[in-house]
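If you read the sequence shown in this note's numbering, its first letter stands for residue 1, the second for the next number, and so on.
Please keep in mind that the hints were generated in silico from the structure rather than gathered at the bench.
Treat the numbers as computed from the prediction; the structure is a model and nothing was measured.
Watch out, some of these pointers could steer you wrong.
With a Cα cut of at most 30 Å, we get these calculated DSS-like pairs of lysine-lysine [to be verified]:
hint : residue 1 : residue 2
1    : LYS2      : LYS72
2    : LYS90     : LYS68
3    : LYS2      : LYS59
4    : LYS90     : LYS2
5    : LYS133    : LYS112
6    : LYS59     : LYS46
7    : LYS2      : LYS112
8    : LYS85     : LYS133
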Amino acid sequence: MKRQVLAFIIPLTARFEGFSAKSYICPAGFKTIGYGRNLEANPLTKEEEALLINGEVSKELALSWLEKELSKDYELLVSHFSFFKELDYKKQAALVDMVYNLGFRGFLSFKKAISALEQKDYQKAAMELKNSKWFRQVKNRAYEIINLILE
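All chains, full assembly: derive it from the sequences and hints.
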């Protein structure tokens, strides 16, 4: 299932994040590069820095970084939530994207939505997500993620 989730979510997350070859300050105030890689939470290793050309990352390299991070996010969800493996691949993909976007700690702050997901009450989970600062900040992304949860 992990392979199916990643194949589904990688292009979606890449579209949500957009691409920047050079580092920039994102709307949340973090130094970011590629497809939304937060360089403060996830700094480049020396090996990764050596792959940059004049301080820029290629789309291919940024996509490989994105895949690696989404894979880690998937594993975090598997290890922390027993119900996660019971979800279909679209719901799993939605949560993986949320963890990538918010960070795992940020995702954990959605206690009521997580509880509703665990109880398979997807309407309530959607309502809880809509009543959040995240929803107001990322609007279109949030609508798409919520629709995946409701499918």
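Here is what the structure says about each hint:
1. LYS2 - LYS72: 11 Å, holds
2. LYS90 - LYS68: 19 Å, holds
3. LYS2 - LYS59: Given that 30 Å is the threshold and the Cα spacing comes to 23 Å, the pair holds.
4. LYS90 - LYS2: Holds, at roughly 11 Å.
5. LYS133 - LYS112: 14 Å, holds
6. LYS59 - LYS46: 19 Å, holds
7. LYS2 - LYS112: It holds: about 25 Å lies between the C-alpha atoms, which stays within 30 Å.
8. LYS85 - LYS133: 27 Å, holds
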